[in-house]
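With chain D held as given, fit chain W onto it using these hints.
Number of protein chains: 2
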Amino acid sequence: MNKPLILVTNDDGITAPGIRALVEVAQTIGRVVIIAPDSPQSGQGHAITITEPIRLKKARIFDGIDAYECSGTPADCVKLAKNVLLKNETIDLCVSGVNHGSNASINIIYSGTMSAAMEASIEGIKSIGFSLLDFSYEANFEAAKHFASIIIKDVLNNKKHNKLLLNVNIPRLPVNDIKGIKVCKQGEGIWVEDFQEGLDPRGVKYYWLTGSFRSDQAEEGTDLWALKNGYVSIVPSQHDLTNYTLIDAFKNLEN
Amino acid sequence: MNKPLILVTNDDGITAPGIRALVEVAQTIGRVVIIAPDSPQSGQGHAITITEPIRLKKARIFDGIDAYECSGTPADCVKLAKNVLLKNETIDLCVSGVNHGSNASINIIYSGTMSAAMEASIEGIKSIGFSLLDFSYEANFEAAKHFASIIIKDVLNNKKHNKLLLNVNIPRLPVNDIKGIKVCKQGEGIWVEDFQEGLDPRGVKYYWLTGSFRSDQAEEGTDLWALKNGYVSIVPSQHDLTNYTLIDAFKNLEN
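Line by line, the protein sequences are chains D and W.
Per the working numbering, the very first residue in the first sequence carries number 1; after that it's consecutive.
Per the working numbering, the very first residue in the second sequence carries number 1; after that it's consecutive.
Here chain D stands alone, though its shape is the one from the complex (with noise of 0.2 Å):
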């Protein structure tokens, strides 16, 4: 059997540890080619590039892997990736990350990362991504590669779902103190915003966004909930954002 197809990308950016710790799991398992903002893209949501164009350029990232940094957020890499780069190819799996800082709960909403995975999944490719819940730069990725290669392998192996989306995240512990895998439902939670107020140089104000994630309903069977208790969360997402329960409500408008 031939090796799998990996698509590795991120929305740090092609520079970041993180995609380096993804990369060195995804080339002991298959076929890898990279390609990733040229900058970081926190905070991009499902953004694509419509209103001007994308530039393209080869990387050299790791010896012996075909490498591209795009000037586009991570949705426009996968789109660029499935229809230029590896447009005659069959994209086995594509894995994003691994993020510096989680994407559980709603930061899903917000997250780059998992909106190239969110995107791969649209276009029928299966796609997980990781984040790891430590901001800083010299963040320890050895959990965050235990626990990918023992997901990536079973998804490789054992999965044949059509759009296939999962939402891993790793809790910052050493990996002999992360008690295993639990698979959850996305928590509920909320950033707590405040914006810094100041005056730039030139004497005009603005406004910096900031804030705290704040949950109250950390509840047993949510990723939240598996992060607090030490285990790595899995959540099976999809891009279905119907809330079914409430079409019966809304009956009365179709009279």
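No lab work stands behind these hints, which were simulated from the structure alone.
It cannot be assumed that every hint is accurate.
It does not matter which identical chain is meant; a pair holds if it fits inside one copy or across any two.
[Unchecked claim] When the alpha-carbon atoms are kept at most 20 Å apart in a straight line, the in silico PhoX-like pairs for lysine-lysine are as follows:
#1 K58 / K205
#2 K163 / K145
#3 K205 / K57
#4 K251 / K163
#5 K153 / K3
Same frame as chain D, now just chain W:
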């Protein structure tokens, strides 16, 4: 009873005809505050601005209505409204649009219009995104206004659901030719992408995203079916992306 406070935003920018149509409807129902991007933000998905400051400026768009233009994304606009502009008031409803072009089916994922609505819903503000299936600047918004009025009144008067989020799309038809409203699930569709390749004035290669929307599954019950058959579509939507049907399929990884 006091007039309800209605926040109006969009992603086409504060000078787009679509937001004007929505304000005209909203001001007959409640007190309106407008905050919208100072430039078009289509395709922004749920992007937020975290690495640079945001600017906010008073705008004179409608006589007697508070309006602000913001340098950020649609989601930024809602965050600023909730946390800065209207932090001492209760926003009863957020309406976003009317978007110039469809946000049915998978387009909700890429949509700035719907990201503003979703941001409001995450913050506990009932929210509706409106989109008209007509990209033209000269689009006729009469049908959109007619149905927006009906739906806004129903939500304000009858619907108490926390985090309510509706994705409303209006076909490009005269109001009398529209058959009514259908409450739907999100249809499956995909953008078949193409990248136009070219050389810039300096001879450097670029890629420019283009593509066409395709759906083979516009079955009855979906927004795509409703729109094709002359109905306004309402898809109750949510920010919980969990694919509950797949949780069991990954339980093998818990061991």
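Hints, one by one, checked against the model:
Taking the closest pair of Cα atoms, K58 and K205 come within 20 Å of each other only across two copies (12 Å); inside a single copy the shortest separation is 40 Å, beyond that limit. Taking identical chains as interchangeable, the C-alpha atoms of K163 and K145 are never at most 20 Å apart, the minima being 24 Å within one chain and 37 Å between chains. Taking CA atoms no more than 20 Å apart as the test, K205 paired with K57 passes between copies only; the shortest distance there is 10 Å, against 38 Å inside one copy. For the homomeric pair K251 and K163, the shortest alpha-carbon distance between copies (18 Å) is at most 20 Å, but the shortest distance inside one copy (30 Å) is not.
Taking the shortest alpha-carbon separations for K153 and K3, only the intra-copy value of 12 Å comes in at or below 20 Å, while the best inter-copy value is 58 Å.
In the structure shown, a violation is registered for the earlier hint numbered 2 alone.
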